[in-house]
Amino acid sequence: METGSGTAADGPAAGGTGSEGPSGDPVWTALPPGLLVMRRLLLVAWSAGLALVAGVTLGVLAGPAWALFALVPLSVLPWGWPLLGRNWRSWRYAERADDLLISRGVLWHEQTVVPYGRMQLVEVTSGPLERRFGLAGVQLHTAAAATDARIPGLNPAEAERLRDRLTELGEARSAGL
Amino acid sequence: MNEETGPGSDEATGPGTPPGPGDPPGPPESAPPAERRLHPITPLRRAWAPVALLAGWALHDPNSAYRHVSDLATGTLLLGLGVLLPAAALYGFLSWWVTHFSVTDTELRIRTGVLFRRTAHIRLDRLQAVDVTQPLLARFLGVAKLKMDVIGTSSKDELAYLGQAEARALRAELLARAAGFSPEEAGEVGEAPVRELVRVAPRMLAVSLLLTATTWLSLIGALLVPGFLWFATHNLWTVLAAGIPLLGAAGARSAGRFVREYDWTLGESPDGLRLDHGLLDRSHETVPPGRVQTVRIVEPWLWRRLGWVRVELDVAGSDNGVLLPVADHVTARGIIGRVLAGAEVPGEFVRPPGRAAWCVPAWWRGYGLAVTDRLFAARHGLFHRTVALVPHAKVQSVRLKQGPWQRHQGVADLHVDTGASRTVVAHLRDADEAAALLRDQADRSRTGRRTAQPDRWMTGTATGGGTGSGTRSGTGTEAGTGQEPGRGAGGGTVPGADGVFPE
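If you read the protein sequences in the order shown, they are chains A and B. The working numbering puts the first residue of the first sequence at 109, with every later residue one more than the last. The working numbering puts the first residue of the second sequence at 451, with every later residue one more than the last.
Some clues are possibly wrong.
[Claimed, not checked] Ranges between beta-carbon positions, derived for each pair:
| # | chain 1 | residue 1 | chain 2 | residue 2 | range |
| --- | --- | --- | --- | --- | --- |
| 1 | B | Arg645 | A | Glu276 | 36 to 46 Å |
| 2 | B | Arg486 | A | Glu276 | 34 to 44 Å |
| 3 | A | Arg197 | B | Asp823 | 34 to 44 Å |
| 4 | A | Gly157 | B | Trp808 | 41 to 51 Å |
| 5 | A | Leu169 | B | Thr683 | 38 to 48 Å |
| 6 | A | Ala170 | B | Thr683 | 23 to 33 Å |
| 7 | B | Ala885 | A | Glu276 | 27 to 37 Å |
| 8 | A | Glu276 | B | Ala619 | 36 to 46 Å |
| 9 | B | Phe799 | A | Ala205 | 30 to 40 Å |
| 10 | A | Ala205 | B | Phe590 | 20 to 30 Å |
| 11 | B | Met654 | A | Glu276 | 52 to 62 Å |
| 12 | A | Ala265 | B | Asp823 | 34 to 44 Å |
| 13 | B | Tyr516 | A | Ala170 | 54 to 64 Å |
| 14 | B | Arg801 | A | Ala170 | 25 to 35 Å |
[Stated by the list, open to error] Coverage of chain A stretches by chain B, computed from C-beta distances (three or more under 8 Å per stretch; other residues unrestricted):
| # | region |
| --- | --- |
| 15 | 209-221 |
| 16 | 247-259 |
Everything labelled a hint here was simulated from the structure, so no lab data went into it. For each residue, glycine too, the CB sits at the ideal point set by N, CA and C.
In isolation and in its complexed conformation, chain A is listed as follows:
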């Protein structure tokens, strides 16, 4: 699997034809590593913080032996670390000629296809923490509320390029209801 956002340059150049491989398979784009870094840092920070709080309170109030319970939050780390990696690797998207494909999830796998003409609204969102890590997410809305098409953790430039391209394609192929 390829990583990084290598298609940032060839996306607009591809114009109406979209990016599809020679066999007709979609060319998938993976997420940049920023999201993984952020999520892993959050995991470490939370588990360390919880371990500290649990260790200190239990150690002071119940006795030093009880402080061993601080290991419980820490034990989440070796399990959560690769899990985040797998989840991050599972996120990918492909811009085809007429629709956008989003694939995600390891255990609960979900793949979404949204035709460009159905898009009602494209928004780029970036929370305070995401901004600190230089990340932005793209969210697509169609007339169906159940359509859950979002791509988190993109580079802001790529997110904006995607938004502009999706808007442009959506206008060109507008199909409404």
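The hints should help you fit chain B onto chain A, whose structure is shown.
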């Protein structure tokens, strides 16, 4: 909706605008549209608001309300009433005075609000359905409510009340403009002729409700629960508190449904489907061609012996979800064919592979899927069977979902989302089949959209704007445009009606 509604919003209609013979000579916004007011009876309705607020407070907290009232001297009470009633009347009058509506070339505009101004511009080319409803009291007074269903409109956007004749005329004008008639024509087009397709007999409706299990279950529940409570507590108030809501729910399920679905008439007109129903409150809905997002055929267990089904439909922005409360199989199929522009209800459904039994025991046999060139059809339910039909052109997005246990069995669910916030799921398909379906469904949705009818159904830009596939196959584009002067001049008759309605 609102950011699109500037004076320049005409271009948003783009290729959909009619090339029609009577294009307006000047710029369409040159003369400000005539603003109208609601029927003068409206203040009476609005005047209820302060009274209802007080009543609500009294009901919500009866003890303190009683205490407050008994504390007051008679003089104060009279004074309060003397202030309250004129205030209510004034509020009613003011809210009527400030409410205006007008129809422009592209929009229905509603301006209202005493303290908080509210202006709604409802775009005609986004129109999904028009409802004219008459509550019982309004029928006596000869007034009606009119609501344009567009995604996002709420009960605030209904025009209540209009005179009966005015409501009909306005509906005809709105539909004519939305259909693509030019503004000059739209005023004189008049009501489109309606041809009755089905009328549900009251007897059939009553029998169908008697054969509905939920009717009996709710009735039995409403009788049993208060009985048990009486034995358990011997407290009359507890029994009443539990019994009255239960009885109310049971009544709403049986008698309420009968009253609402009484005299259900389904008609067809060049402006689309006409749904008229109601014993006390009459309701008339018009759904233009190509607005139906999904159709469901529901077959309760007890109806199967009689071969009856209920047909439900979803129109974006509309509250009504029933197309036919009860009908036999053959009629239902014929109606669905008309509603979905000639698409046939598939007869054969393919079950999931046998290993799906490990995911959903027994009930997996109820699941089924059929994909035709026009429809995506999914069936579910073993006893209470439901078949959901989605025209390919109405698919907003397609999703494939697979949990860990489903992956182990090599099956996956396919979700098809439509614009009426309804998701149709094909359960437990073979994983490879589901992946292929996901790919193909996206293509079908796109090509389906290309051959679909235009939003302005009388303009005939796509395949001849008509009401059914019969028009399309028989007459083509000429008939689509040829209809316009016919309907426009006749104001109620369509020359060559055979071409419009085959059979």
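Hints the structure fails to honour: Hints 6, 10, 14 not satisfied by this model.
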